[in-house]
Amino acid sequence: MGIEIIFLILAVLVIAFGVGVVVLNRRREGVQAPSQRTAAQPAAPPRPADELSTGDTLVEEPAVAEEPVAEEPPAGTLRERLAKARSTFAGAISGVLSRSAITDESFDELEEALLRADIGVNIADELLGGLRTRVRDKEITEPAALLDALDVEMKSRLAGSERSLNFETFDEGATNVWMFVGVNGVGKTTTIGKLAKQQVDAGRTVLLAAGDTFRAAAAEQLTTWAERSDVEIVRGADGADPSSVIFDGVEKAASKNIELVMADTAGRLHTKSNLMDELAKVRRVAEKGAGKVTETLLVIDATTGQNGLTQAREFGDVTDVTGVVLTKLDGSAKGGIVFAIETELGIPVKLVGIGETIGDLVDFDPDEFVSALLER
Amino acid sequence: MAMFDNLSNRLEGIITKVRGKGRLTQADVDEMMKEIRTALLEADVNVAVVRSVCNRIREHAIGATRSKALDPGQQVVKAVNDELTRALGGETLAITYAAKPPTVVLMAGLQGSGKTTASAKLGKWFKAQGRNPLMIGADLQRPAAVEQLRTLGRQIDVPVFSDPEDPILTAAAGLEEAKRLGRDVVIVDTAGRLSIDAEMMEQVRLISGAVDPDYTFLVVDAMTGQDAVQTAEAFHNTLQIDGVIMSKMDGDARGGAALSVKEVIGRPIAFASTGEKLEEFEQFHPDRMASRILGMGDMLTLIEQAEKAFTEEQAEAAAAKLLEGQFTLDDFLEQMQALKKMGPLGGLMGMMPGMPKELKDAKIEDDDLKPIEAIITSMTPEERTFPNIIQGTRRARIATGSGTTVADVNRLVKQFGEMQKMMKKMGMAGKPGKKGKKGRGGAKLPKGLPAGFDIEQGGMDIPGLPGTPGMPGIPGLPR
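Just so you know, the protein sequences line up as chains G and B, in that order.
The first sequence maps to residues 1 to 376 in my numbering.
The second sequence maps to residues 1 to 479 in my numbering.
Rather than coming from a laboratory, the hints here were simulated on the basis of the structure.
Remember, it's a predicted structure, so these values are computed and weren't measured experimentally.
Backbone N, C-alpha and C define an ideal beta-carbon position, used for all residues, glycine too.
Incorrect hints may appear among the rest.
Claimed, not checked - Under 8 Å between C-beta atoms, here's a sample of chain G residues computed to sit facing chain B:
id, residue
1, GLY185
2, GLN221
3, TRP225
4, LEU269
5, THR304
6, ILE337
Could you build all of it, start to finish, from the sequences and the hints given here?
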């Protein structure tokens with residue numbers, strides 16, 4: 001970091017604040033002199049909140065409304081499960097088919113539907129640009145053929161990626177590490193919980209490492225999942241160094257010949273460079289001992305808009321992301337951002353979450369995904 | 001593909017082109033509208049909302065083609081800003097308290113939108129308003145959600161009520177408990193749910209019925225895409241949303257979802273969560289958000305934060321000294337330390353309007369300031385006042401004392417000198433505080449600015465600063 005730029009920034013900021021504050025205060029004509037000057041936040045002494053009531057018991061394991069633990073995936077393909085999602089395209093599709101020829105309106109309707117699925121302006125332009133050319137060249141003339149061509153085009157964009165989860169068989173004393181990263185609230189912990197159960201059912205030995213030491217009660221949440229799948233969990237104190245928690249998890253797994261460590265990390269916004277540095281360190285440290293990171297999965301909420309691409313790029317830069325888990329894909333048509341992530345960054349979507357039960361975390365099938373989007 | 005720059009950068013290219021002509025043609029307007037549309041869509045503004053906003057902006061723009069005003073391009077930018085501000089809702093939602101306490105607030109939203117954190121932040125906010133909140137943990141769905149709320153409750157010293165039996169009973173019993181304890185605000189955290197999950201939507205409707213909230217807030221993740229609108233509509237139909245809380249506004253998402261939700265359900269954005277710390281939560285100001293979507297920075301929030309860190313006297317004295325060229329390294333150090341109190345420098349930069357991209361992208365960490373501090377604190381008072389005297393042995397001594405190199409010390413002294421010169425020029429160009437007088441005839445481009453810091457291009461001017469009548473940018477600064 002050049003000292004010049006720091007100086008310049010400071011100078012600009014100092015000036016702007018100084019002058020800005022003065023001007024603003026003068027403008028207020030002393031009505032309310034320096035307003036909003038809040039006292040420094042004193043760290044409130046923690047007082048046990050429990051002192052207040054009888055009904056105030058600690059929830060160890062919610063008794064009701066518990067997520068059902070499905071032993072086997074519910075019947076139905078991804079496409080069927082996503083059938084609800086079709087409404088976004090349904091209008092556009094019936095609009096296109098209602099005309100005897102392909103018109104500008106046909107393209108407008110398709111564009112709007114693509115945008116509503118969060119595919120993004122650029123990908124939508126590319127998809128439709130190609131189709132426009134083919135329509136102009138009379139290669140496509142029927143409205144139905146236009147829809148088919150879009151379907152083919154979208155599927156081909158997602159074709160050819162390796163989507164299976166990478167797991168290696170090591171000699172004794174080494175273990176696979178699957179790391180889960182992403183912004184806050186995307187469902188990392190839940191994904192680990194579900195995937196752990198699936199991996200155990202598939203006959204693998206699994207250990208969970210509660211690397212989210214930041215969010216209150218994140219480790220408790222993961223512990224609940226560990227109990228459900230009957231796997232070991234390694235956790236540290238709140239605020240502990242996540243690298244060391246995950247390192248401990250790896251060491252423990254290696255010593256017990258556990259094949260797979262699934263490492264949770266705290267959600268972080270990709271704009272926080274200190275937290276992103278921390279994540280890079282977590283990944284390095286995970287491989288310091290007996291661990292080998294064979295998957296780094298970026299968890300993305302399917303409702304994410306165009307910011308998803310930035311997330312994928314930034315997390316990819318610091319942790320070498322090997323795949324995407326698209327969560328919360330139930331609901332309405334969405335998740336279009338994966339087109340940009342796959343085609344522009346080359347990161348394959350490996351898993352999708354389409355419901356609350358353990359069986360609702362499934363392999364990503366691009367053909368079904370596109371078909372579900374374009375369901376008529 | 002690189003993410004596109006913000007809307008104002010996009011428009012700038014066209015505006016520069018248009019400026020020479022002095023008139024906008026139909027083709028110019030078309031090109032601008034295309035850019036505006038793309039920028040809004042990339043900011044995740046809902047497609048339908050983009051359409052209506054664009055239509056209205058187009059009308060303004062066509063008006064500008066007929067206008068004989070000197071700068072039609074700027075007029076369009078202003079039209080965009082005005083239109084966005086209008087779409088976001090003009091006024092900040094004012095919280096009124098129930099005549100018969102407690103005032104009940106219900107939090108709802110999708111999974112992972114940030115309800116539990118927002119509940120605690122809101123609790124802290126109410127405390128800061130002198131209220132005594134109680135939080136109810138009615139999210140019995142997600143494992144350990146109540147534990148999370150309890151931990152947060154301890155951090156902000158707000159009691160938490162929960163009962164693992166049933167969310168509806170918990171809510172009702174919690175309300176009774178709040179009355180018994182004389183708490184005057186109750187915040188009910190609920191489980192995340194999908195708007196299409198009929199069973200869960202019915203549950204939250206029953207919770208709402210049990211506590212009869214004065215305010216129902218929908219928590220929306222700022223990074224949400226097009227789906228935000230459908231979600232908001234569904235929740236609004238079930239719960240009668242009073243306002244929206246935007247979470248995760250500290251990322252780089254432009255938060256177009258916020259604008260869309262307001263436009264579609266007609267309820268304002270009430271609060272915005274701007275960081276991981278519990279105090280990083282503020283009431284939402286639509287005008288500022290419009291500027292942010294446009295990439296024009298958020299000067300008012302910046303100034304408010306500055307007011308927390310600086311006293312008025314301090315600020316006034318510093319600005320005066322700066323502009324008169326009597327700013328010493330001691331003053332500089334003091335300002336730097338005050339600045340740090342305002343939050344991470346990177347975040348502050350983002351709020352500065354018209355910051356050139358080079359500066360915004362320069363990742364400034366607060367740690368980068370440490371060597372500067374070290375160098376200055378290694379100087380004698382005399383040296384800090386008259387840095388010119390720092391020569392040979394003094395340099396070496398300061399470098400050793402601060403653990404830096406002679407070259408670092410040199411650079412700092414040189415830069416400081418240039419800054420002083422630059423400030424002096426600005427000071428002569430336009431004294432601050434002369435009311436109503438825009439700093440238009442400002443200084444020439446000061447030396448020492450990196451290429452790209454093009455002040456002529458509107459480097460520091462804030463077009464129109466929406467919602468602040470009569471504040472014509474910042475006087476005294478060159479435009």
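Checked hints:
no.	hint	in the structure
1	GLY185	3 Å, holds
2	GLN221	4 Å, holds
3	TRP225	7 Å, holds
4	LEU269	4 Å, holds
5	THR304	5 Å, holds
6	ILE337	7 Å, holds
Hint compliance for this structure: every hint is met.
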